[in-house]
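> Just so you know, the protein sequences line up as chains A and B, in that order. Under the numbering used here, the first residue of the first sequence is numbered 29, with each subsequent residue one higher. Under the numbering used here, the first residue of the second sequence is numbered 7, with each subsequent residue one higher.
A few of these clues could be false.
What the hints assert, rightly or not - Beta-carbon label-pair distances, calculated as ranges:
1. 93(A) to 8(B): 23 to 29 Å
2. 147(B) to 71(A): 23 to 29 Å
3. 52(B) to 63(A): 25 to 31 Å
4. 8(B) to 164(A): 46 to 52 Å
Claimed, not checked - Which bits of chain B does chain A cover? Going by a derived footprint, with three or more residues having C-beta under 8 Å, they are:
5. 28-40
6. 50-62
7. 90-97
8. 109-116
9. 126-134
It is worth saying that the hints were derived from the structure and are not from the lab. C-beta: ideal position from N, C-alpha, C; glycine also.
The lines below spell out each chain.
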Amino acid sequence: MRTLTAWLAGLLFGLGLLLSGMANPAKVLGFLDLAGHWDPSLVLVMVGAIAAAALPFTWAKRQQRSVLGAPMQLPTSRTLDRRLIGGSLLFGIGWGIAGICPGPALAIVLSGHWQILLFVLAMLAGMLLFNALQRWRTP
Amino acid sequence: MTIDWLNFTPWSALAGGVLIGLAAGLFVVCNGRIAGISGVLGSLLSAGEGRAEKALFVLGLLLAPVLWSLFGRLPVLDFQTGWLGLLSAGLLVGVGTRYGSGCTSGHGVCGIARLSPRSLAATLSFMGAGFATVYVLRHLLGA
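Bound conformation, chain B alone (with noise of 0.2 Å):
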């Protein structure tokens, strides 16, 4: 392993991070809710309760690079996927994380803040299995 100095942009990702804390501790404290989005966006398409709160927290989400661009041009966003990588993907993301009741923000931010056993796990799952993917396709595929 080595550092990569330069894409390492600790100050911006401390405080996009602080941001994203700050949503969910807004979003726990008036809404009593979890800000996992796969959760809220997985109950949105079951027809669970609190449909309004929910639709409303996915539009806020959607908007945020329209509110973006009125400030400033939008980050770079670089896909290295192709199409049957993404379309596999995103499958892989929808069924595990619904199994999984959690995702980066439900399990990764809100649950580990909560200090709860079961998001910690769901998190070292997930976190390693990404890094074991990408050591797979990178290093033994050379995809």
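Only chain A is shown next, with the shape it has when bound in the complex (with noise of 0.2 Å):
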């Protein structure tokens, strides 16, 4: 049963991806360029988000399991590091330069452009990067 939610919750989370116009890389560095002719379209995509998803988050925090008894996985640390905002610097340079971010690019990556193909590779070799450097400082 949970294999089949998580399957679901992907499914309309990219079909939402695609409607709110985010899969498109132009529309977000449409949104990005505030200095020039702007977009504002994703503003009402993270409000619409935000809002559909505060209240099962307000419920989920006060759970020790989900509906279907798996345990609930929320993150507890609230430090604001170096690590934290480091990387989110770097996350907003790449999403800057391309306009796409890791959800967008999952969910196009079938779209048969070359472009997106080559923007997953290297993002999965990022990710690799990542977890090889972590290996590295903590043996």
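Make the complex out of the two chains shown on their own, each in a separate frame, by following the hints.
Rendered as structure tokens:
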């Protein structure tokens, strides 16, 4: 059952990304271009998503287990550190270069454009590089 | 700044956002997990727990355009970056989201929805860096 809900959640997530317009890198760059001809659409994507997710997360925070009996795995860390901010800044620079973040990247990777294949391969390489650096720093 | 009214799509943006939020809600209510794409993908690459659920979540995401195309035309995808830009952007997004423990979905949607101060700080950081990068590339360097 949990495998089914996981699959459904991924599918619904991808359909939402496609409908929202955020799968199109040019539209994301139009949002990030504050000084140019600004397209505010992404603000509404965030507002809609946060509003719809607020109630489920408010419920989830008070539970030990999900409705299907899985342990509730919510992050507990509350410290703002260099890794969080530095990593997010690096991510933001990459996002600003191409207008693609991980969700939309996966939602369009099967679209047949070479650009997204190259981006996703580079992104996976970046994640593997992170894993390698982690292993190297903590033997 | 001028508003790009021609490309502004408030209703599809809001409706798409609500779908994204419902999907994240479904995942946490049923599976007890954060629908953070970089986190799910990263832990699939490093042999974390719950691989079957995470792999199916990713599979659903990959198949979304297939389902979509049964009912209508896929949205236009306009890439404005050359190969070198795509390569460096992908690397930065991969490393950055893992160091920062999340991306637009994990921090931006799920994190803010559960009122996490860390996620708010992360979202302000990557949005700020995104705005600054586009400003430098488009308006200072004219790329």
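> Each hint: holds or not?
Status of the hints after comparison with the structure:
Evaluation of the 23 to 29 Å hint for residue 93(A) and residue 8(B) yields a failure: the beta carbon distance comes to about 50 Å. The beta-carbon spacing between residue 147(B) and residue 71(A), approximately 26 Å, falls within the hinted interval of 23 to 29 Å. Residue 52(B) and residue 63(A) have their C-beta atoms about 39 Å apart, which leaves the hinted 25 to 31 Å range violated. Separated by about 48 Å at the C-beta atoms, residue 8(B) and residue 164(A) satisfy the suggested range of 46 to 52 Å.
Evaluation of the coverage hint for the region 28-40 of chain B: fulfilled, as 13 residues show C-beta separations to chain A shorter than 8 Å, against a requirement of three. For the region 50-62 of chain B, the stated coverage by chain A is satisfied: 6 residues place a CB nearer than 8 Å to a CB of that chain, which reaches the threshold of 3. For the region 90-97 of chain B, the stated coverage by chain A is satisfied: 7 residues place a CB nearer than 8 Å to a CB of that chain, which reaches the threshold of 3. Only residues whose beta carbon comes within less than 8 Å of a beta carbon in chain A count, and the region 109-116 of chain B has 7; three or more means the coverage holds.
Residues of the region 126-134 of chain B lying with their CB closer than 8 Å to a CB of chain A number 7, which satisfies the three-residue condition for coverage.
Checked against the numbered hints above, the structure breaks hints 1 and 3 and satisfies the rest.
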